[in-house]
Structures are given as C-alpha cells and as structure tokens.
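Q: With the hints as constraints, model all of the structure from the sequences given.
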Amino acid sequence: MTIASQRGGTPLVEMRDMSVSFGGVHAVKDVSIDLYPGEILGLVGGNGAGKSTLVKTLSGAQKADSGEIYIDGEPVSINSPRDAKNLGIETIYQTLALAENQDAPSNMFLGRELMTRWGTLDDSSMEDAARKVMGRLNPKFQNFKVPVESLSGGQRQSVAIAKAVYFNARILIMDEPTAALGPAETDQVRQLMRQLKEEGIGIIMISHDIHDVFDLADRISVMLQGRLVGTVNKDDVTMDEVLAMIIIGKLPEEVTTKELEQLHG
Amino acid sequence: MSVVEAPPTQSDTLEPGPRRSLGSYLRDNEIDTRMVGMVVVLLAIWIVFHLLSGGTFITPRNLWNLSVQFSAIAIMATGMVLVIVSRNIDLSVGSMVGTVGMVMAVLQAEWLPPVLGAGNSWIWLISLIIGVVLGALIGAFQGSIVAYVGVPSFIVTLGGLLVWRGFAWLTASGRTIAPMDPTFQLLGGGSSGSLGETGSWIVGGVACVGIVALLLMGRRRRRKFGFRLRPAWLDVVLGVLGCAVVLGAVWVMNSYYLPENLAIRYAEEHGIPIPEGGLQIPLGIPYPVLILVGVTLVMSYVTNRLRFGRYVFSIGGNPEAASLAGIKTKRTIVRVFMTMGILVAVSAAVSIARLNAAVSGLGTLNELYVIAAAVIGGTSLSGGIGTIPGAILGALVMQSLQSGMVLIGVGAPVQDVVLGVTLVVAVAIDTIYRRRAAR
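Chains as they are written, first to last, in the numbering used here: chain X, 1 to 265; chain R, 1001 to 1439.
Since the hints were derived computationally from the structure, they do not count as laboratory data. Treat the hints with care, since some could be wrong.
Listed next, the in silico DSBU-like pairs over lysine-lysine satisfying Cα-Cα at most 30 Å (straight line) [claimed, not checked]: (1) X:Lys145 to R:Lys1224; (2) X:Lys132 to R:Lys1330; (3) X:Lys197 to X:Lys258.
Pair by pair, the computed Cβ-Cβ distance ranges are [stated by the list, open to error]: (4) R:Val1206 to X:Arg194: 52 to 62 Å; (5) R:Gly1218 to X:Pro183: 50 to 60 Å; (6) X:Val146 to R:Phe1154: 29 to 39 Å; (7) X:Pro75 to R:Arg1436: 49 to 59 Å; (8) X:Phe167 to R:Asn1065: 52 to 62 Å; (9) R:Pro1182 to X:Thr116: 50 to 60 Å.
We put the beta carbon where it would ideally sit given N, CA and C, even for glycine.
A: Here it is, written out as structure tokens:
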C-alpha cells in the first residue's frame, strides 16, 4: 500500500499503525507514515480525514489508543506536549497557539522561559534571543514589545516558526501554515520552510491547498475517513491523481481514466 | 479610568519628520499611558472635591483617613487582578473576609487566651497565621473545583458567597467579637498603628533609593543587550517624579497629628512635658498602608518577574496555547485562587484590627468593590489584561469618590448611584479606547 521512500537510512519519525477514536468513531485507524531528515511530507485529505488528529498524537496534544512512534528508530512514548518538545518535535498549530496578549519573546519562550540566577524571568535575555533568531528568519520583524494580536498573520507565523527554530526543532509539524496568510506572506513562509528543510529539519505539513503541497512537499500522504489511502512521491504523480486519492480514495494505479474525468465533473 | 491620549497636534502636519503623538512617544518608551491617564483623573477628582468641600479634601487629615480606608479593598484588588486575568472571577471574597476575620477574632479573643494565657505576646501572630492559612485553604478549595471539576468560577464563588457568609455567622453564633489583641490592633492603623515621623521618613528614603536603583538597573541591562535606551532626561524625570510622590506622601502622613486629647494622654504616659501651643505628634504612615505597599511589591514581583505570573497572563490570553506550551494550567488556576485567599485574610486582619471587633456581616459587598477597583484599574473581564498598580489606583479612585461625597454631604443612595455610573463609564471609555488602539 505505501510506496516506500527511495531515501535510505533510518527515518527521523516513523508512526506505525496509529489509531485514535472518539467515543466509538475512528478518527484515525491503523495509519502509518514516516518522515526523513530534510524532507517535507505533505499530509492531505478532506475535512474530518483525521490529519490533525494524527499529528496531534506526535505533538503530544492527543493520546493515541494504539500504535507506536519511533524517533531515529528508537521507540518513544509521547504523553504530553512537553514530551514531544523534549524529543525535538515542535508544532505550529493552525490557530497558531499564541497568547495574544503577550509579546513575541514571551510567546517564543512560553513554558520554557529563560531565568536569571535568582529564579526570575530574564526578559532581556529572551528579547535578545528572539531578536537574534528573528534576524535570521525575518529581518524586517521589529515589533518585539507589542502584544502579538497587533501583528499581521505573516509576522505571527514568523513568531511561531522562530520558536521552533530557537529550540532546535528536528521535526516540525505545520498545520495549515499558510491558510490565514496573504500572497506575499505565503511566499515568505514557503521561503522559510525551504530554508528549514535545507538545514536538515523534517517537516510534516498539513494542508488543504493542493498547490501548496505540490510546491513544497517531497512526498504526499493522503488520508480519507481516518485511514491512510497511500503515500506517493510528488514527482511520480499528477495533481489529478492526488485529488483522486483525496476524494475517492484510490491510488494512481487503481484509478480509471473515467473516474479521473469525473473529478472535473 | 480613562486614558488621555494627546491628539495629533496641528503642527505635526506642518513640521517635517515623523508624526507622533505624546501618547505614542510615551508608549515607545514603555510608559503605560493608561496609568498616566488614571493619575490625571484621580488628581482631577481630588481637586474638584477640594473646591466643592471648601478646602477640606486635600488635607493631611482627610488623605490620611482615605489611605487607611482604601487599603483593605486595595489589598484584595491586587489578587483579583490575577483572578480576572486568568478568565475567572471571585465573588466570595467579601464573605471570606467574614469567615476568616471571624475566625481570627475568635482565636485571639476566646480560643487562644485560655490555652496560651491571656496577654501572651504570640496570640496576635498565631491568629494571623491561622487566618492566612485558612484563607489559602479556602482559596485552594474553590480553585480546585474550578480547575479540576470544571465548574465555572462564577458559580463556585457565588456558592462561596453564601457558604462563607454562613460560616462567618456560625463561627460565633452571630455574636460580635471584641476586643482584639492590643498588638493585633496595630494592623488596623488608628492612633498608635502607624510608623511615626522618623520611621516614615526612613521608609520614604528607602523607597526613593529603590526607585533610582530600579531605573539605573534597567538602563544597565538594556545597554548590556544593546537595546534602545529611554532618553536619559525621561528616566531622570521619572526618578524625580517617583521620589517626589513618595516623599510628598510621607510628608502628608507626617503632617497629620495625633488628636489633642490622645496626644496629651500619650505625653502623660511617656512623661513628655506638654509645650506651649499644644503637643503635635506626627502619625506618619499607617500600618495598613505599609501592608498595602508590601503586598503591592510582592504581587508586582509575582506578576512580572515569576513564571507563575507569566503563566496566569498566558492562560488569560489563550488557554489552549498555554496548555499546548506545556503549562500546567489547572495547577496555576488553583494557585491564583489560593493567592486571592491569602490576600483576603490579610485584608480581613486589617479590617477587624481597625474595627477592633469582628461581626458576622464583616466584608459584606467587598467583592463588588474589589472587582470594581480591578476593573476601573484596567483589568479586562475577558482575561489576559490587567496590572497591579492599576487596580490600586482603581481602588483609590473609588475611595476618593466616596470620601469626597461624604465630605460634601452627599447621601448614601446618591453615592451608590455615582459609584455605579463611574464603574460603567470607566469600562465604556476603556472599551472604546482599546477598540481604537486595536485598529
């Protein structure tokens, strides 16, 4: 079912037979995906396909009912967001998960504040670190002292990404990273993602936008109704074939020309 | 209460260079324009009442009494800021003052003396400590129901409002408990419950050194990291203003003298000869105000410098983000209510010490004054926004209005009307201001 990645070596992340159910409804059923260093994996599917629930088991926000997670080939157990962070897994949520009333440095360090030797918050060091990371990612960003609610969508996305970069994320989960952004800001975020990929970070990107996925992803995993339809190399498939996977749940080799035509109805 | 934001002046359009209002200039230099506005409003209230009352408002006597009266509410308002910032509310604080105050009173008047011996010098401290522990326990109990069971804090503390009022009555079957331990009484201010002249000047001096040290440390830290510094003149102005306010307040407190009959008795007790023209013994800073200053320092430190404070604000800003960041939000909420409970106990101690008695109705309606003080002081009921100094200024604005109206002979019903209208108007102005600022 899964098309084996052509990359060699141990995957950065391997999720095997993950299942999550909410009161009898299988949100995720026996799904296995993997992710290699320096790779962007697009995770696509319609509403309610189980994409977000699947990655939440990796980011520690949702407990899986069954399944195993391997990081660098080692089995790990992830029971909380903190566990995930300790393993180098950073998540950028669709909602961005920022404390709107606080400034960029506070948000970057939320839950992992830098402290002085007297056990108090070291705001100056945090601001300094934030300025340095942001200088690398988005040099135009200068609003370090205002609540993030007054920032633009792209700037807020920068804050979320800067947080992941500062804490040396090896695995980055991005849930709809460009959904709330304008065209210029989308370009900026895409640029950032390529930059992170160059640095060897593995990225799992959830997206509704098939163009985004084709532009950025190396491989594409498709989910439908909680199950994995399959994983394909982007270069081996057409957009229509991926759409067929998303909508009717058939792999490129199973789908008929007639069905492909019907997609365009 | 309201924010004075200087409108862009006409000359801005004529002069070259960036267009900037005074407000944005101050904000750029990390000065809270909202607080500046509140101070202006407070001064306006004082001046108006001073004129209306024929010059009796801005007098040492009135300001001294005002400071003692507002302390009990202001102490609790600092805790209410954290409660409201965390998207909760505590309606039970008035009734908790009743229960905790009653327990502390009964302890020192009836329960402890037979055990420890009447007049034992530890009675006041043991009563106070038990009161504080009780306040913390009640707070933690209510907070746990909010955080772990998931009952909205409005309901939990509405229940608490009834429950603790009931316990206040049950503790002594509705009797009035008096008198308090002589040492304990000092906590309430009064003729002997203040620092005296020399002590007050020392406290004022220490405060000035502290203000200057904070400003210098801030500059040094910013320079170390290469951040933009405030213009030096602005820091000098802030330092001078801060010290002037502190020393001015001490001077006012020291200008209020012990009433003549008490002064004569004091002189006789201490064998001081009474000079020509009467004896003038300055009272200095009353202990309730000193307690309030201490509470303010501790609460500001907790809010701004500790993880706990930052987490409270994060939870208020976005509870989901806070828990995704790995913050133990439930434990934090319990601690917020516990802090509130401790401050209730401190406030209750001040109140019973001042009254020199405890009655089962002690603290009735305090919850509303405390919430109003926090809200007038800029705490947003939708959570995430609020400051400790703001809440104290809010309490001071309310007490000033009330005392002022008493001075000019406004009846109690009209006082209530004015306070109620003030609350709504203050929040309305704030809402409009925030909406404009957000644009």
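Q: Any hints this thing doesn't respect? Which numbers, in order?
A: Violated: hints 2, 3, 5 and 9.
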